[in-house]
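Novice: Model the placement of chain W on the given structure of chain G, informed by the hints.
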Amino acid sequence: QQQVKQSPQSLIVQKGGISIINCAYENTAFDYFPWYQQFPGKGPALLIAIRPDVSEKKEGRFTISFNKSAKQFSLHIMDSQPGDSATYFCAASFNNDMRFGAGTRLTVKP
Amino acid sequence: DGGITQSPKYLFRKEGQNVTLSCEQNLNHDAMYWYRQDPGQGLRLIYYSQIVNDFQKGDIAEGYSVSREKKESFPLTVTSAQKNPTAFYLCASSMGQTAGVPTYEQYFGPGTRLTVT
Numbered sequence: 001q002q003q004v005k006q007s008p009q010s011l012i013v014q015k016g017g018i019s020i021i022n023c024a025y026e027n028t029a030f031d032y033f034p035w036y037q038q039f040p041g042k043g044p045a046l047l048i049a050i051r052p053d054v055s056e057k058k059e060g061r062f063t064i065s066f067n068k069s070a071k072q073f074s075l076h077i078m079d080s081q082p083g084d085s086a087t088y089f090c091a092a093s094f095n096n097d098m099r100f101g102a103g104t105r106l107t108v109k110p
Numbered sequence: 001d002g003g004i005t006q007s008p009k010y011l012f013r014k015e016g017q018n019v020t021l022s023c024e025q026n027l028n029h030d031a032m033y034w035y036r037q038d039p040g041q042g043l044r045l046i047y048y049s050q051i052v053n054d055f056q057k058g059d060i061a062e063g064y065s066v067s068r069e070k071k072e073s074f075p076l077t078v079t080s081a082q083k084n085p086t087a088f089y090l091c092a093s094s095m096g097q098t099a100g101v102p103t104y105e106q107y108f109g110p111g112t113r114l115t116v117t
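Chains G and W are the protein sequences, given in the same order. Residue 10 in my numbering is what sits at position 10 of the first sequence, and the numbering runs on without skipping anything. Residue 56 in my numbering is what sits at position 56 of the second sequence, and the numbering runs on without skipping anything.
For the record, the hints were derived by calculation from the structure and aren't laboratory data. Bear in mind the structure is a predicted one, so any value in this text is a computation, not a measurement. No residue lacks a Cβ here, since even glycine has one placed at the ideal position from N, Cα and C. Do not rely on the hints blindly, as some may be mistaken.
Okay, the calculated beta carbon distance ranges per label pair [claimed, not checked]:
no.	chain 1	residue 1	chain 2	residue 2	range
1	G	HIS76	W	PRO39	23 to 29 angstroms
2	W	PHE12	G	SER69	48 to 54 angstroms
3	W	GLU15	G	PHE39	28 to 34 angstroms
4	G	GLN81	W	GLY40	20 to 26 angstroms
5	G	GLN14	W	ASN28	41 to 47 angstroms
Below, computed lysine-lysine pairings styled on DSS-like, alpha-carbon distance capped at 30 angstroms [unchecked claim]:
no.	chain 1	residue 1	chain 2	residue 2
6	W	LYS57	G	LYS42
7	G	LYS109	G	LYS15
8	W	LYS70	G	LYS5
9	W	LYS83	G	LYS71
10	W	LYS83	G	LYS5
11	W	LYS70	W	LYS9
Chain G on its own, in the form it takes in the complex (with noise of 0.2 angstroms):
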């Protein structure tokens, strides 16, 4: 069964604008977790990650907010720019057994 469920499956934003994407899992031993961003051909790169004991993560335009009480977290792209456009993966992990979510296509908007 899929234990780390992403929405949306794709997303539209204009320029400037903030991209927001979430992810819901369901094994409470997972203890990190990160997002990637992958170009079409490309193999995902890192992009951020967090561990469970803090709410939140900044670097730069972009932010992970973690709840650990709803087992929900979110990546937040803020002033979202063309180059932005890429899908991305929440994944979840325990022990370095890491779960993958379906993927995000982000499209952003001259």
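Specialist: Frame of chain G, contents of chain W only:
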């Protein structure tokens, strides 16, 4: 120039043939992984290896085999038993456990797109 290399980028095979995908890393990482990616789906784990000469099956290991004879290399063989082998294959590596704190960052190679007809 450190990183993970996968070769070839594109691979074409006839049905019924075995094919081996290469994955090499010079990051001195202990753990290596193989994932399969299909359109509209997330990454699914095929095999992983935490240490040389040891590896474990992932969720979709049937029809695949691996070896880990060297720390730097983790080749994947797609056998003729794999019913639907056409996919994008991704190799990844991570440091594994560091100083008592598990390190989960996985770094991916550029991928190999396999087409079987």
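Novice: With reference to the structure, classify each hint as holding or not holding.
Specialist: Going down the list of hints, with the structure as the test:
{"no.": "1", "hint": "HIS76/G x PRO39/W: 23 to 29 angstroms", "in the structure": "holds (26 angstroms)"}
{"no.": "2", "hint": "PHE12/W x SER69/G: 48 to 54 angstroms", "in the structure": "holds (50 angstroms)"}
{"no.": "3", "hint": "GLU15/W x PHE39/G: 28 to 34 angstroms", "in the structure": "holds (30 angstroms)"}
{"no.": "4", "hint": "GLN81/G x GLY40/W: 20 to 26 angstroms", "in the structure": "holds (25 angstroms)"}
{"no.": "5", "hint": "GLN14/G x ASN28/W: 41 to 47 angstroms", "in the structure": "holds (44 angstroms)"}
{"no.": "6", "hint": "LYS57/W x LYS42/G", "in the structure": "holds (25 angstroms)"}
{"no.": "7", "hint": "LYS109/G x LYS15/G", "in the structure": "holds (6 angstroms)"}
{"no.": "8", "hint": "LYS70/W x LYS5/G", "in the structure": "violated (36 angstroms)"}
{"no.": "9", "hint": "LYS83/W x LYS71/G", "in the structure": "violated (36 angstroms)"}
{"no.": "10", "hint": "LYS83/W x LYS5/G", "in the structure": "holds (26 angstroms)"}
{"no.": "11", "hint": "LYS70/W x LYS9/W", "in the structure": "holds (22 angstroms)"}
Violated hints for the displayed structure, listed by number in ascending order: 8 and 9.
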